[in-house]
Amino acid sequence: MRFSLNLVLSTAGLTVASVATLALTGCGGGSNVDLNIGNNTIGKPLASSSAQSDSNGSDRTEVVVFDKNVRLIHHFDLSHLSVINTLEVEHPEASHTVLFDQTTGMIADFSDFHITVFDHTGARTVDPVKLTGHPKSAALDSAHGILVVYDDMNTVGLLLLNPDGSPGAKWLGGPLLQNDTSLTAGDLIDDGSLILALSDGSLAKVDVVQSIALQSWVFKSVSTSLGRMKWVAPVHGFNDRVLVLTDTALSLVSLINGSVFAQHVIDASDRVAFESKTKDAHIVLQSGSQLSAVYSDGITIRIKPIDLLTDLILSSRLCLAEDSWSLVTSDSAVSWTYGPSEVETKDRELRKFRFSDFAALKKMALPDQAQLDISEAYIFALYPTSPLGYGERISIQDGQRVAIKMFNAGHIPGH
Amino acid sequence: MKFKTICLLFASALPILASSIADAGTFVGNGGNAGDVEWSVAIKQIQTAVTSIIDDPVKDEVLCSCTKTYSNASICDALNSLSHEQRLFCGQSLKSQVRQLQLLVRDNNTVHVSWTTEAIDVLEGGQRRAVDAVTDRRLAQVTLNAEHFRSMNPSERVFLISHELMHLTTLGDQPLTDEGPQGPFISREGSRQLINAMAAAMTIEAEEAGAFDRYRSTLNRPQGWKTNWVDLTFFGTSASPASVYGVSNYSGGSLRYTHYLSAFGLNAEYTSTKGSKTILSSVNSNEDVSTFRSGVSYRIFPFKNPLSYFGQSNLVFSADVDFVKGIFNLSDPFNNETATSNRVGMSGSVRYYIPVALGFWASIAESYVSLPAAYSISGVTIEDQKSVFATSIGVSYAF
Numbered sequence: 001m002r003f004s005l006n007l008v009l010s011t012a013g014l015t016v017a018s019v020a021t022l023a024l025t026g027c028g029g030g031s032n033v034d035l036n037i038g039n040n041t042i043g044k045p046l047a048s049s050s051a052q053s054d055s056n057g058s059d060r061t062e063v064v065v066f067d068k069n070v071r072l073i074h075h076f077d078l079s080h081l082s083v084i085n086t087l088e089v090e091h092p093e094a095s096h097t098v099l100f101d102q103t104t105g106m107i108a109d110f111s112d113f114h115i116t117v118f119d120h121t122g123a124r125t126v127d128p129v130k131l132t133g134h135p136k137s138a139a140l141d142s143a144h145g146i147l148v149v150y151d152d153m154n155t156v157g158l159l160l161l162n163p164d165g166s167p168g169a170k171w172l173g174g175p176l177l178q179n180d181t182s183l184t185a186g187d188l189i190d191d192g193s194l195i196l197a198l199s200d201g202s203l204a205k206v207d208v209v210q211s212i213a214l215q216s217w218v219f220k221s222v223s224t225s226l227g228r229m230k231w232v233a234p235v236h237g238f239n240d241r242v243l244v245l246t247d248t249a250l251s252l253v254s255l256i257n258g259s260v261f262a263q264h265v266i267d268a269s270d271r272v273a274f275e276s277k278t279k280d281a282h283i284v285l286q287s288g289s290q291l292s293a294v295y296s297d298g299i300t301i302r303i304k305p306i307d308l309l310t311d312l313i314l315s316s317r318l319c320l321a322e323d324s325w326s327l328v329t330s331d332s333a334v335s336w337t338y339g340p341s342e343v344e345t346k347d348r349e350l351r352k353f354r355f356s357d358f359a360a361l362k363k364m365a366l367p368d369q370a371q372l373d374i375s376e377a378y379i380f381a382l383y384p385t386s387p388l389g390y391g392e393r394i395s396i397q398d399g400q401r402v403a404i405k406m407f408n409a410g411h412i413p414g415h
Numbered sequence: 001m002k003f004k005t006i007c008l009l010f011a012s013a014l015p016i017l018a019s020s021i022a023d024a025g026t027f028v029g030n031g032g033n034a035g036d037v038e039w040s041v042a043i044k045q046i047q048t049a050v051t052s053i054i055d056d057p058v059k060d061e062v063l064c065s066c067t068k069t070y071s072n073a074s075i076c077d078a079l080n081s082l083s084h085e086q087r088l089f090c091g092q093s094l095k096s097q098v099r100q101l102q103l104l105v106r107d108n109n110t111v112h113v114s115w116t117t118e119a120i121d122v123l124e125g126g127q128r129r130a131v132d133a134v135t136d137r138r139l140a141q142v143t144l145n146a147e148h149f150r151s152m153n154p155s156e157r158v159f160l161i162s163h164e165l166m167h168l169t170t171l172g173d174q175p176l177t178d179e180g181p182q183g184p185f186i187s188r189e190g191s192r193q194l195i196n197a198m199a200a201a202m203t204i205e206a207e208e209a210g211a212f213d214r215y216r217s218t219l220n221r222p223q224g225w226k227t228n229w230v231d232l233t234f235f236g237t238s239a240s241p242a243s244v245y246g247v248s249n250y251s252g253g254s255l256r257y258t259h260y261l262s263a264f265g266l267n268a269e270y271t272s273t274k275g276s277k278t279i280l281s282s283v284n285s286n287e288d289v290s291t292f293r294s295g296v297s298y299r300i301f302p303f304k305n306p307l308s309y310f311g312q313s314n315l316v317f318s319a320d321v322d323f324v325k326g327i328f329n330l331s332d333p334f335n336n337e338t339a340t341s342n343r344v345g346m347s348g349s350v351r352y353y354i355p356v357a358l359g360f361w362a363s364i365a366e367s368y369v370s371l372p373a374a375y376s377i378s379g380v381t382i383e384d385q386k387s388v389f390a391t392s393i394g395v396s397y398a399f
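Chains A and B, in that order, give the protein sequences.
Numbering follows my numbering, with no gaps: position 173 of the first sequence is 173.
Numbering follows my numbering, with no gaps: position 355 of the second sequence is 355.
These are calculated hints, taken from the structure and not from any lab test.
Because the structure is a prediction, the values reported are computed rather than measured.
Quick look at which bits of chain B chain A covers, simulated, 3 or more residues with Cβ under 8 angstroms: (1) 278 to 290; (2) 366 to 379.
Residues of chain B placed beyond 10 angstroms of chain A at every Cβ, according to the derived structure: (3) T51; (4) D60; (5) C66; (6) Q100; (7) L103; (8) S114; (9) A130; (10) S240; (11) G265; (12) S341.
Backbone N, C-alpha and C define an ideal beta-carbon position, used for all residues, glycine too.
Put together the whole structure using the sequences plus the hints.
Listed below in structure tokens is the structure:
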């Protein structure tokens, strides 16, 4: 599942989706809310602001946001807290999500049935691939210049990106890779391959460049002993294995032969409270007042429990190299009728731990009614209740706040 | 369109202006001099007395007798001391004089009034003597001290003017003066004694005919000749700013002082104007404009009769230089930014003053005033409409 809070907070369509999930899972009376919004996706669910970490999990110094007040895309420089560029979107009345690659300066804007790609100069290409559904997730590999978009019609858009961020060759692929199997989840791995989980329990390693060149799926598949796979995540540093989540287990699976290197069976008393691909992919299990981070070091699956009572996990960020684990939790963010609400979101906390021994490094209240992007060192808070535009960069270490103001002032309709 | 209206109004006022200039200094006065109203009212009251004497003659001795109303008034001093023969002579003389008086007070151009701010004295018998008025028979002109004349009560004015008008008549074939005996008034100042008695009789006759009651409100009405005016006005206006943040509706108040040197005056005014606007339900614009303006005014009295209500109303045309300072605040739940703007502009106005009471006036005005041109907030230029029309109502005090 996506790491960022934005999915939960920002996109109305996805909020509606989460409501449907809540209704189906019959949540009532208790405090365990299962969003499961990241299932059946390729990459991460799209949000109205770009993540503060790139596809490798490294922190960015720039972020891109679709501002709902003025219906424009703002490109922010977080170091200087300034607006680098403001872009008009196609169909501003629709809901929009964005993706950003700081390396090339590419900005992708997604709305109903449309994609617009902006290069580093702001020059736009409308619908480089023509989707018929609403884009719901995407995977970006800036090193190889690959963008994969997945819509709610289960169609996959493959797009090559030029070094200047402009779109290059592209292809639209359907969910059927083999005769009677369709894709259920997927993600890009470090070597630029697209790994797709298929409905028959197999994994397909897609050559994106060849698929685009030949305008058909080019892949090699391996069978696994796993059932239906609903979540696939890369294991950084390893191109021959992936993490896979099914209803019953989190598994480290070989892409060579489909064998399971390691597995954690999800106990009946546990529920998957969160799935994250930020930095190091992991899931968070919740059983009563105990949370458990289940992850892979590339060799095996490990689990680390901690006693932490919370109603809702809104984001999770695990960085094994930095020995840190950050959670955003909330005990009052949920409306039982409408699910998590952007406007009503409040009482959120950031908790940061030293992952090796769960020593608490930081506990920090987060601004209410703000759209948050969280990196290792900073929180970028955008306040949608400020039509004129107001955002803050908050240092996690010392809580210092620096504001950016009035960036919508010149864009209010009628000005 | 409104600016054209002002121009048309001004143009249409020019004939009235020309007429007013031509009328300055004539008998009745143009409502623009201190004392003119009191003079005109006194003349009207004398007219009433004259008409009453002519139309309803009484016995000669009754004409120069005090009534109960004035029995204790000082004005009866001139009558109570008369002998029967003198009273009879007074009545006979008055009946013959009223025909001449009728000619004198019949129109506005026969007898002229000259106003002075100096004390008036005359040389009599080698000595100077202070007097309330002096009459030049040759010029048919009565000279009065305006302040002293206005300070008198109406009956005192009728007495005084009647006395002076007598000097423009003849008794027998001789001009009627203050010196020498006249009939049974045998003293050296017998003629003055006779004139005083006739003037007293005229005053009593005016009272009996209801002339003082009839013009009481006219005398109490504020008069437009006052040179110092203080105006307190409240106004509203609307604008069409170019920016979505620009304020559309303003309201405010002003305090204005005008000093008239003649028909022209100099004015200074301070105006405070405020406006606000809400955009997207939570963005607030607030503008606070302070203006100091100074300029010239020109005043005309569009209606001829200074004794009427509208006769005292006046139109004032002004042209000013505006020194405008604006403070603009733009805010939402998280932002609060302020900018200032200064500008020098021009403004003009047309004001109409209507007398109320006790020196107070009501006014209505249409002005074309300057606003701050533009503000810059966070790199965003917020442009105002540079000048707007404003309609105001107010209260003024003239002194």
